[in-house]
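Asker: With the hints as a guide, bring both chains together as one complex.
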Amino acid sequence: MDKPQYIAQLDRNDGYRDDHFACNEYREITRRAFMGRSAAAAAGVVAASHVLPGISLSKAVGQQGAQPDILVSCFWRGGPDLLSQLIPYSDPWLYAAPYNSGAEFFADGLRPTIGISPPDDNDPDLSAQRCLHLGNVGSDAFGINKAYHDREYLGVEDRNTIFEFYQAGEVAFIPAAGSPDTNRSHFSAEALIEFGTPNQPQTDITGWLARYLNIAPSLGSPLRGAAFSSNRLVPKMLAFAEKTLAFQALSEVVLPGNPATAQQRSDILSTRYAAQSQDPLKSGVLNAFEIIDLLQQVPISPHPDARYTNSSFGQRLLNAAALIRGGVNVEVVYTDRTGWDNHATIGTFKGGGMYDRLKDISQNLAAFRVDLQDDWHRITLVCQGEFGRQINENADGGTDHGNGGLMMLMGGSINGGVYAKQTLGGADGWAGLDPALTIDSDAIRTTIDYRAVYSEVLRKRLLVDQSVIDNVIFKTSAEQPPPVLDELGVISNSAARLSTPTIKQTRSRR
Amino acid sequence: MMPSKVSASNGASSRRQFLQIPAIGGAAGLLSDAMSKEAEASAPLRMADAGYDPDLVLLIDRITGGFSLSEYQYAESLGYDAYLAEQLNFETIIDANDPALQARLVDYDILPMSALEIVVAYNPMNMSFIALRQATTVQLMWHVYAKAQLYYRMFQFWNQHLNIDINSSGTQRFILWPFLRDKVLANAMGTFPDLIQASAQGSAMLYYLNNNTNVASAPNENYAREVMELHTLGVDNGYTQTDIEELARILTGWSVCLNGAGCNGGLYEYGDFRFISGNHDTGNKMLLGNFIQGQSGASGINEGIQAITILTEHPNTADYISRKLCRHFLGGINYAYDPPEDIVQMVKWTYLNSNPIGDIRAMLSVILQRDVLTNASSPKFRRPLDLTSSSLRAINADLFVSNPGFLSILSFFMDSMGMHPNFWGPPNGPFDTKTWSEGSAIPRWAYVDALSNNGITDVVSYSVTNLLSQVNATTGGTQAQGLNELLTGGRMTQKEVEAVQDFIGFGTASESRLKEALGLAMSLPTYQFI
Numbered sequence: 007m008d009k010p011q012y013i014a015q016l017d018r019n020d021g022y023r024d025d026h027f028a029c030n031e032y033r034e035i036t037r038r039a040f041m042g043r044s045a046a047a048a049a050g051v052v053a054a055s056h057v058l059p060g061i062s063l064s065k066a067v068g069q070q071g072a073q074p075d076i077l078v079s080c081f082w083r084g085g086p087d088l089l090s091q092l093i094p095y096s097d098p099w100l101y102a103a104p105y106n107s108g109a110e111f112f113a114d115g116l117r118p119t120i121g122i123s124p125p126d127d128n129d130p131d132l133s134a135q136r137c138l139h140l141g142n143v144g145s146d147a148f149g150i151n152k153a154y155h156d157r158e159y160l161g162v163e164d165r166n167t168i169f170e171f172y173q174a175g176e177v178a179f180i181p182a183a184g185s186p187d188t189n190r191s192h193f194s195a196e197a198l199i200e201f202g203t204p205n206q207p208q209t210d211i212t213g214w215l216a217r218y219l220n221i222a223p224s225l226g227s228p229l230r231g232a233a234f235s236s237n238r239l240v241p242k243m244l245a246f247a248e249k250t251l252a253f254q255a256l257s258e259v260v261l262p263g264n265p266a267t268a269q270q271r272s273d274i275l276s277t278r279y280a281a282q283s284q285d286p287l288k289s290g291v292l293n294a295f296e297i298i299d300l301l302q303q304v305p306i307s308p309h310p311d312a313r314y315t316n317s318s319f320g321q322r323l324l325n326a327a328a329l330i331r332g333g334v335n336v337e338v339v340y341t342d343r344t345g346w347d348n349h350a351t352i353g354t355f356k357g358g359g360m361y362d363r364l365k366d367i368s369q370n371l372a373a374f375r376v377d378l379q380d381d382w383h384r385i386t387l388v389c390q391g392e393f394g395r396q397i398n399e400n401a402d403g404g405t406d407h408g409n410g411g412l413m414m415l416m417g418g419s420i421n422g423g424v425y426a427k428q429t430l431g432g433a434d435g436w437a438g439l440d441p442a443l444t445i446d447s448d449a450i451r452t453t454i455d456y457r458a459v460y461s462e463v464l465r466k467r468l469l470v471d472q473s474v475i476d477n478v479i480f481k482t483s484a485e486q487p488p489p490v491l492d493e494l495g496v497i498s499n500s501a502a503r504l505s506t507p508t509i510k511q512t513r514s515r516r
Numbered sequence: 012m013m014p015s016k017v018s019a020s021n022g023a024s025s026r027r028q029f030l031q032i033p034a035i036g037g038a039a040g041l042l043s044d045a046m047s048k049e050a051e052a053s054a055p056l057r058m059a060d061a062g063y064d065p066d067l068v069l070l071i072d073r074i075t076g077g078f079s080l081s082e083y084q085y086a087e088s089l090g091y092d093a094y095l096a097e098q099l100n101f102e103t104i105i106d107a108n109d110p111a112l113q114a115r116l117v118d119y120d121i122l123p124m125s126a127l128e129i130v131v132a133y134n135p136m137n138m139s140f141i142a143l144r145q146a147t148t149v150q151l152m153w154h155v156y157a158k159a160q161l162y163y164r165m166f167q168f169w170n171q172h173l174n175i176d177i178n179s180s181g182t183q184r185f186i187l188w189p190f191l192r193d194k195v196l197a198n199a200m201g202t203f204p205d206l207i208q209a210s211a212q213g214s215a216m217l218y219y220l221n222n223n224t225n226v227a228s229a230p231n232e233n234y235a236r237e238v239m240e241l242h243t244l245g246v247d248n249g250y251t252q253t254d255i256e257e258l259a260r261i262l263t264g265w266s267v268c269l270n271g272a273g274c275n276g277g278l279y280e281y282g283d284f285r286f287i288s289g290n291h292d293t294g295n296k297m298l299l300g301n302f303i304q305g306q307s308g309a310s311g312i313n314e315g316i317q318a319i320t321i322l323t324e325h326p327n328t329a330d331y332i333s334r335k336l337c338r339h340f341l342g343g344i345n346y347a348y349d350p351p352e353d354i355v356q357m358v359k360w361t362y363l364n365s366n367p368i369g370d371i372r373a374m375l376s377v378i379l380q381r382d383v384l385t386n387a388s389s390p391k392f393r394r395p396l397d398l399t400s401s402s403l404r405a406i407n408a409d410l411f412v413s414n415p416g417f418l419s420i421l422s423f424f425m426d427s428m429g430m431h432p433n434f435w436g437p438p439n440g441p442f443d444t445k446t447w448s449e450g451s452a453i454p455r456w457a458y459v460d461a462l463s464n465n466g467i468t469d470v471v472s473y474s475v476t477n478l479l480s481q482v483n484a485t486t487g488g489t490q491a492q493g494l495n496e497l498l499t500g501g502r503m504t505q506k507e508v509e510a511v512q513d514f515i516g517f518g519t520a521s522e523s524r525l526k527e528a529l530g531l532a533m534s535l536p537t538y539q540f541i
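Line by line, the protein sequences are chains A and B. In short: position in the first sequence from 1, add 6, done, that's the working numbering. In short: position in the second sequence from 1, add 11, done, that's the working numbering.
Chain B extracted, bound-state conformation (with noise of 0.2 Å):
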């Protein structure tokens, strides 16, 4: 079993110290309401008495694609505080420091390409599904194996975020993987109004919700309505219709080159974002209560960039924002995890308050401390690609895709369980409240049951008792504990290990009981949550 036993109250003098964020009046008394409540709630699923620290084992589960045994080896060396850190201050994790990742990614050629560079690779003979199925499955790639956890889980928070369908047409497929790469992960740990201009001038999200047909003679609202409703302000959250209808004419011009006039007889490339002057309705604007100076010529784009600064700066996109980053992290009561009012505004105020503003890892810094975090934070369902991330990472799945082009049985799965990057149809992203534990339960089962009897082509074999072994979990009666430990950091509850253990029976198991023994700990009800 771990060697270091670390007793429960370890975190217990730092316990009150996050109050040194600004402070925000009365917020120790709303966080101990907090605490009464989450605690309450977690109880039947918190077993903390495997040697594992709780709290580091709880930070893993919420900033990584899931538990493992390595992590919390890593974390654990490091401790809490320089782990986060690290994980943090992320780029010093990535790209050549993260040679194992690198080695897993060789084959998926579309990822240095321009939209240009893969329309001319993956158009001919209709091949745009290669280019499609490396955009979406490097993603997993990434949850599964990048050192850099915690930077591509909010990668994938501002995709979500900022949801665009791949399939929701054909030019997507070129498209979609230069704005991932180049607006959302380059600005996923950075600043949320650098993220949010940056995917203003996103080919792939101006063409998804049409404001490339956003021209003065003939408005489209559909991304101005977007903009406010999905990528800032929130929905209903201070803006009018009229709004929405000036916002579409500040936008009007702003367009993507993809053929023929678009392009300017050749002087933009396929997939540029392009603005067209000649589209852009010069008079005056009114939003949300501020003056915009109609400009003509190609200054006309600077309405657009100021407001895009007014919604980013906008407190109701702090609160909006916020409140969304805690219901990720820290989940919450309720269908819809409401988070804990008292964390959600100190994040709105660090939003406020960071210079520059709305900086994401000054955010991240107050809900991932030690104190909120182990505090305030409740039960939350692993959405299916967590579930996938979460499983192959506590194997230590060698996961092989021979042709990242073509589909993988893990996304047909992905696909069963009904989450898969980038599949999701409307701009609003996957949810993120407890509609996922609602009805997947037999495609879950069928998954678990797939991937621990090897019954997924694309993960090379992998040895339940070389698991077991890393855990001192290979004798008969202690397997069961081994899983839990494995799968879980020793979260699963006495009656699960104990149900557990009665499958494998008391003597000597085979590696296919094993293994029917992991599907069936990871089909349990605690695993099914973080």
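Next up, chain A with everything else stripped away, as it sits in the complex (with noise of 0.2 Å):
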């Protein structure tokens, strides 16, 4: 028997080869990319209207006659270490020799052969191990792997990064953050955070983010979501949201089937479904019709300034740049980057898998904003990961799954910074790699609950009352005990206040 064909038309660009040390259940719930002849469109079954009775989107006082932001979510999807890409530097325990926890006892430190040094300003060489400084909450000092300011792509240092942001105040970084939920399954952990209710048992198949849109007043718009997913399908969040298709790249957005004789098949089927009666099919069949006519009008024209690279990731990126500057009104967009399970050989130093990884999200991310900087101001992203991973490297040279990881948010209202608690609800600060404050010694605790940051952006950017949050999106006034949803003020209050950015497009390194 052949080798099947789903196995050979795996994307090639994107995390696939990043995960031939991903555990097996990860590999399971990735590879499902279908590139038939006719791949197209996934689309979630529009919500039913009946699903949230009598409640309805309010705008935020102060804010009437706004606009809400359109929001970009972002999942790294196999969970991203968070140690290699922030480092809370002036932690002891993280280069402590040896890591003792009682539990657990790692003779040559947590991470003997692929932590990362603080930085160091006479050493600035992008090859060094060595983290470049963010900033400090409190006493506590956080760096980042020098990949999130690598300019270089395929030999030339042409492209724009994410510390560039970051350096402008663009960017808030957010370690220790995600599920209070401490589940250690990828599907688990990414259904708990995508349902939105991590702490109460499942009752709904509505992902969190679907809940939003079904809420939400709508624009008018044929496609109310648009999720550009690594694997064509509608992610959980947005499962059963309205108007939501999945697709990679806007072309794909046609007719399945030969293109020869996609427009013959396209006068039957729209006059047969014209032709029914009420049933609700006719009208989701009209609106795919629309959808199909209106992206084939949306044109792929990025800014020139814009340099994204050639990867799946990137694509998706300069697509999804494309469809919400041309005039659909999408009102949530959805991408993710995969390629995060690294139980082996994770490679954080320049050459290695996971430096590549997060050079691909910088510079791409980092194009987008380029690419974007005439509708910036309206555009809220998030990142986010299902969980992070253990605090020591296991004997491969990669590391196992933990609990706490990292949340980066960009945006026209972003307050720039790096935010960090202790605990959660506490003082601000890291959460710590001291046995004692960790999961099972091995785990960092997350301390900032990712409703808390997604409640703030809903609140102050997406014109949703809090009342709304609490009782339709989160469902958080059903929990007992209620979770701590401290604000940490990431979203500036103020009405967008960028305008072009000042970044310089090219720059050598030294």
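Read the hints as simulated data drawn from the structure, not as lab findings. For glycine and all other residues, C-beta sits at the position ideal for the given N, C-alpha and C. Any given hint could be a false lead.
[As the list claims (entries may be wrong)] Over 12 Å on every C-beta distance to chain B, these chain A residues come out as not near it, computed from the model:
#1 108
#2 196
#3 286
#4 336
#5 358
#6 448
#7 471
[Claimed, not checked] DSSO-like cross-link-like pairs, simulated, lysine-lysine; straight-line CA separation at most 30 Å:
#8 B/158 / A/481
#9 B/506 / B/445
#10 B/158 / B/335
#11 B/445 / B/158
#12 A/288 / B/445
#13 A/481 / B/445
#14 B/506 / A/288
Answerer: Here it is as structure tokens:
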């Protein structure tokens, strides 16, 4: 029997090649990319209007007439390692050898081969195994992997980076953030986050972002939610969202099947469905044709200064930016980046796998920001994974599943900086690698609930009433005990303050 | 074309005989109201002039994984009543009596395994997804290939009624399959009380709904609530929060052996149900007005058995289950497919008066007899699992999964359409409402297009020309009507058939053109409904 085609057809540009050492669960749930000749959009079923009776979205006080932001949600699927990205380099446990938690003993310290060293201003070489200083929270100092500041792509140093925009005050990093649940299964942790009720039995099959979309007043677009998914599936956070499709590129949104006969089949289908009587199928089908017609008119013409890479992630962002610019009135955009399940050979330094993935994120999100410079005032982008990884490296130079991870925000109204809490609801500072502060002596404790971050975004930028957030979107009002959702102030209360970016487009490293 | 013309009035002679079922006051009048409503609603979709008995086509669409020519020919050879009887008395057409199905399942090695055997085989090296895939894709194989189609449909009905998300925890990958086999399938055509008693002592269920942590010192109400809300009485249908709390107390100690103390030092095997008397609340309880004597020691389990008997013999349970069965097989009006009330009442009467009570076959006999099914049913949208199985059956697909533990493209499509066996998160199970019809057109079209054009590698190539030759429809101008027969037993509208024939053209058509036409026909409105 031949090798099944879908194995050969896996997306080579994105995370799959990085999944060589991923655990089987992760490989399983990510290997869903389908590239048949009919590769096409996968839509969430339009939500039933009866799901959310009697509650309407109201504008936040003082923002009457304002338009909600476009929310761009970027999920890092696979559980990216926090300590490879943001380095709490003032935490003595990070470099202590031996590290002895009582339950675990590491003679050479937590990360003898993959650990990133403190910054050194006298050693700016990107290849050095050091981080760049990012900022302090209280007395805790954080550095960042130099991949976030690496301009090089295909041998030329001409890319923008997230670090540049961080320096411009536009990026927020939130370490030890994530789900308050400590489940370490990819699938379960993702589901708990995406259904939005991690501390409650699941009673609803709508995703939390779907619940936002279904309750927000429509701007009239036939495509309210667009999921630029690596696997072409509507993610659970958008499950049962109204007028939502999944695809990788706008050019895919066509009638499935042979392009040569598409027009003929399209005529037949639209005629026959239009002749249907009242069934809800009819409106769904006609909406689908409306989307197909509309997206074919959206130009793919990025801003000349936007330098995306050729990676799948970069190309999906390029398409997402085109959609946002294209006048379609899309309200929610989802995308993801896979490849983080690094149980072996994580590769945190230049040339390594983790480094390259971070560079991919950095260069392409920076390109996205440059591309959308005229729209950036109405965009809020939030990145997160399902969990972070264990504090120690394992015998294969990788890391296993943990808990607290990294969230990152960009957008027109972000108060740039590092936000960190010692404990849920506690003082500002780092969660800590002291074994007494970790979960099971091996995982960073989540000290900032991802819902706190999104609640702030929802209220300040998507103009959602707190009561709707509490009762409908995250349903925290039903949670006992109530969750700790501190407002971090990561979103500026003032109107969008950014204009054209003042980032130099090219700059030599030295 | 099919040789045996059956007049539309063929079934009319017995059309009123269904009232021989224990009479319900005024049933005839109620039914005729329902009939006129349903006739109006179904009119645009039915075209019964292709030589197929529309009643038999309807029966096949409702009780199997979907219409296929071979199923129709077999059913026709028996006749409606005898075919239905054989499906109801499924024991003669399963296991060794269904060698074709068995041949397709040889690579599914978990099928006879216990939870312990599964965990031993598939826990090492984190290969649990093989167990997961086998437990879920075998269900599709049943729906496509089994002789005992109604039996497996009833399995799926109860599986969804007692929904457990196999992804809710890693443990479910090992313990769910024995639950599906020994609790759900084993009782799929038995009695409803037996099914719920079995489920209540099912490790996968207790684990999924947290009853393994329901102990006297710290009750967990999750399973107690769902067993009333979802499994028996129905939501807000005659119980109070106090009843939930009392039932939770009654069920304290109903647990699962997974490791360590839960297995009592090896006396129990991994995945076993276990009553832990030390965790049981021995006080007296009240449930729905019934006094339940608290019991200690091993006999504490009897309280729970008694409670579930009370629940499953309750008239509100009979009403809820009868309504759900009627909704599934008959459909109905409004968004929720509210089924005809008179039929619901007949089925409920049957539930309460059958011996033993809650006899599933007796209820199905009422719903599926020709007069009821043909007069009281209304169009139903094919849910994604049904679209998947019916399309595979219609093209006589040779579905191969060389290693059933690995992901198949069919799984991708079922995911993209929104319904994959045991991938539904919450315990309520997939909707049986019009929800599915609202916005899923593009992924459905993508699926049927990929299938018909050989874009699904799990399906060994099929020949549309060979299919059409089975209905003598290979010559120019006849192919669309042939597709109509193959896919729907002649249900497509005249305009749909004409449009597909226009697409094919009227001369000789290539195989690839005919395959596209097949995908087109499966994309048209009629095929979305049964």
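Asker: Evaluate each hint against the coordinates.
Answerer: How the hints compare with the structure:
1. 108: holds, 21 Å
2. 196: violated, 10 Å
3. 286: violated, 5 Å
4. 336: holds, 16 Å
5. 358: holds, 24 Å
6. 448: holds, 18 Å
7. 471: Residue 471 of chain A clear of chain B: closest Cβ-Cβ about 26 Å, beyond 12 Å.
8. B/158 / A/481: violated, 46 Å
9. B/506 / B/445: At roughly 24 Å apart (the allowed maximum being 30 Å), residue 445 of chain B and residue 506 of chain B satisfy the hint.
10. B/158 / B/335: Status holds; Cα separation ~25 Å.
11. B/445 / B/158: holds, 29 Å
12. A/288 / B/445: Holds, at about 12 Å.
13. A/481 / B/445: Given pair residue 481 of chain A, residue 445 of chain B holds - Cα atoms ~26 Å apart, limit 30 Å.
14. B/506 / A/288: With a Cα-Cα distance of about 17 Å, the restraint between residue 506 of chain B and residue 288 of chain A holds, given a limit of 30 Å.
Against the hints set out earlier in the document, violations occur for numbers 2, 3 and 8.
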